[in-house]
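Q: In case you want the letters, here they are:
There are 2 protein chains.
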Amino acid sequence: MKKCLITGVNGFVGRHLLQYFDMLETDITEILGVDYSPETAAFTHQRQPFSYRFEQVDLTEPEPFTSLANDFDPDWLIHLAAESSVAASWRDPDRCMTNNWNMTYNTVRFLKLRPIQYQPKCRMLAVGSSEVYGYRENWEEPLEESQQRRPYNPYAASRVHQEDWIQLNVKWHKLNIVSTRSFNHTGPGQSDRFVVPSFIRQLLEAKKNGQKTVHLKTGDVRLIRDFSDVRDVVRAYHLLLEHGQSGEVYNVCRGEGISLLNIIEILAEMLKLDVTIEIDETLRRRGEPPIVIGNPEKIFRATGWKSQVPLEQTLKEMIQKQLKGTSKNPLVII
Amino acid sequence: MKKCLITGVNGFVGRHLLQYFDMLETDITEILGVDYSPETAAFTHQRQPFSYRFEQVDLTEPEPFTSLANDFDPDWLIHLAAESSVAASWRDPDRCMTNNWNMTYNTVRFLKLRPIQYQPKCRMLAVGSSEVYGYRENWEEPLEESQQRRPYNPYAASRVHQEDWIQLNVKWHKLNIVSTRSFNHTGPGQSDRFVVPSFIRQLLEAKKNGQKTVHLKTGDVRLIRDFSDVRDVVRAYHLLLEHGQSGEVYNVCRGEGISLLNIIEILAEMLKLDVTIEIDETLRRRGEPPIVIGNPEKIFRATGWKSQVPLEQTLKEMIQKQLKGTSKNPLVII
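Sequence order for the protein chains is W and P.
Remember, our numbering sits 2 above the position in the first sequence when you count from 1.
Remember, our numbering sits 2 above the position in the second sequence when you count from 1.
Treat the hints with caution; some may be incorrect.
[To be verified] Using C-beta positions, here's what the derived DEER-type ranges look like:
(1) LEU26(P) <-> ARG286(W): 46 to 52 Å
(2) SER39(W) <-> HIS175(P): 30 to 36 Å
(3) GLU314(P) <-> PRO66(W): 54 to 60 Å
(4) ARG138(P) <-> GLU139(W): 18 to 24 Å
(5) LYS318(P) <-> ASN72(W): 37 to 43 Å
It is worth saying that the hints were derived from the structure and are not from the lab.
What you are looking at is a predicted structure, and each value in this text was computed from that prediction instead of being measured.
Ideal Cβ positions, reconstructed from N, Cα and C, are used throughout, including at glycine.
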């Protein structure tokens with residue numbers, strides 16, 4: 003018998019989290035989803051008998067979020083809401099910092115101000131980012147949670163701030179919060195503002211036009227990233243809520259890197275296209291680390307979680323999904 | 003020929019910085035001091051021929067600070083202004099975070115938005131705090147700049163955020179900013195809300211009442227801290243502006259610890275008093291590290307600076323200063 007509050011529920015991960023809870027037998031009986039934006043498509047659960055309700059709420063303000071959350075009285079608070087675009091954080095760093103700070107502050111404040119008898123009850127999962135690692139000397143070494151954080155973009159700095167705030171509140175107010183450093187994830191339904199869906203969109207357009215060879219304009223495709231399937235990621239979040247240790251932060255990653263070029267090659271092979279690459283320097287992001295690979299040992303030891311879905315399968319399903327839908331976004335942001 | 007802008011000039015360190023510049027032959031010709039609070043006593047320089055002007059400015063807003071600073075066109079920006087009380091940061095963390103963020107953001111923004119031809123010209127000294135180190139496993143080890151930061155109070159978290167913001171702006175916008183992690187400092191003129199002046203006040207009151215033995219109510223006086231004289235500290239700031247490396251952060255510390263109890267013993271000896279101690283748990287601050295000692299090697303290598311004034315001399319001058327003035331603050335905040 004669990005009540006679960008999800009912030010940022012309209013996002014890519016939020017939608018997959020709902021679907022995941024609908025696939026799995028859990029003891030969840032009620033879910034309240036909140037988001038800054040209105041619900042684009044109502045979520046209708048099909049299998050599991052929990053009740054679902056959506057509320058449009060601006061988390062950067064304490065109210066009405068606090069009242070709503072107090073009325074709902076959740077056992078789990080899954081905090082996905084964030085200004086999470088690195089590119090946008092360069093365009094308006096103050097907005098990214100202030101909004102992310104306020105959202106973290108208000109969610110933690112809700113836990114802190116609860117009547118003391120409820121406090122140990124509500125457990126929060128605070129989703130963070132591998133961006134906190136930032137700059138290093140040795141790019142090859144898989145990133146471990148104990149490493150120095152050297153955030154090198156405004157978004158990353160806001161995530162360090164979130165981690166610190168949670169850490170000290172867990173310590174001094176005995177709050178029950180588990181944090182993640184989530185690495186790259188993708189999957190069906192991700193906006194084609196993101197790199198993998200944007201590759202797929204461009205290749206599918208070429209295919210539709212009957213082309214056999216495609217000329218792709220990209221950012222620096224030599225970048226190596228650690229990709230997991232979004233469905234593995236939401237499973238990790240669930241397992242961390244079940245078994246993670248409060249005050250700890252866990253990498254959510256596969257532990258293996260793949261270059262963006264390699265992803266393009268796999269896609270080209272699947273779609274039977276010849277692809278040539280032109281690197282467009284304007285698509286290059288300031289301070290992109292050449293290699294980001296995480297070490298997933300800590301989460302494995304705590305929860306038994308491993309990234310399972312092979313990237314090839316993820317890509318195949320993303321192609322199928324895009325073939326069904328249509329997409330209009332002309333931007334490629336890596 | 004240098005123009006120097008000082009934020010937070012009305013504070014303890016700001017006043018000493020002005021006095022320091024008045025004692026020393028430098029190439030400073032103009033100083034503009036700004037502070038949130040009105041000037042309590044006008045600064046009149048006695049020796050050096052620079053001009054001094056004060057403006058009351060709220061640094062948490064971009065204006066009028068930015069216009070004022072642009073008009074003044076400083077070569078050096080010494081950023082002392084901050085919400086710097088740990089105790090106050092516990093009472094109102096959001097205020098501490100938001101104000102410190104805004105002040106850092108607005109000063110860095112001034113450097114960043116300057117016409118490009120002025121940019122390399124203005125060099126900033128961003129004063130930070132040893133509080134960023136926070137929690138450790140091994141308390142004995144002197145703190146080095148390369149160590150993990152684990153802020154354990156809201157003030158400390160705001161200082162980590164400041165460091166990160168400066169670091170990434172130096173990196174990507176080629177700004178010229180040197181940062182400090184300043185350890186404890188004290189000296190004549192420090193408010194008796196702080197630990198050492200509060201000891202002195204209490205002992206002097208007893209002395210005035212003709213007591214031979216004094217019963218002191220204190221926080222945990224077993225705490226060991228690394229104290230420097232404020233006049234050494236402002237000298238360090240000057241030397242860092244001259245010789246520090248942009249993007250680097252420097253401990254400003256003596257490299258030696260002394261317990262608060264030991265300081266009380268020295269004061270009792272000087273004032274010929276017998277002192278007994280009662281530890282008042284309500285004066286105890288959450289998350290006080292038992293030992294905070296810094297390693298000053300990095301600043302020494304960069305600038306040749308060392309903490310010089312012996313603590314005994316500092317204490318003697320503080321007693322003399324308090325004997326001249328009167329103090330009303332009843333609080334002991336450690």
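Q: Which of the listed hints are not met by the structure?
A: Violated hint: only 5; rest satisfied.
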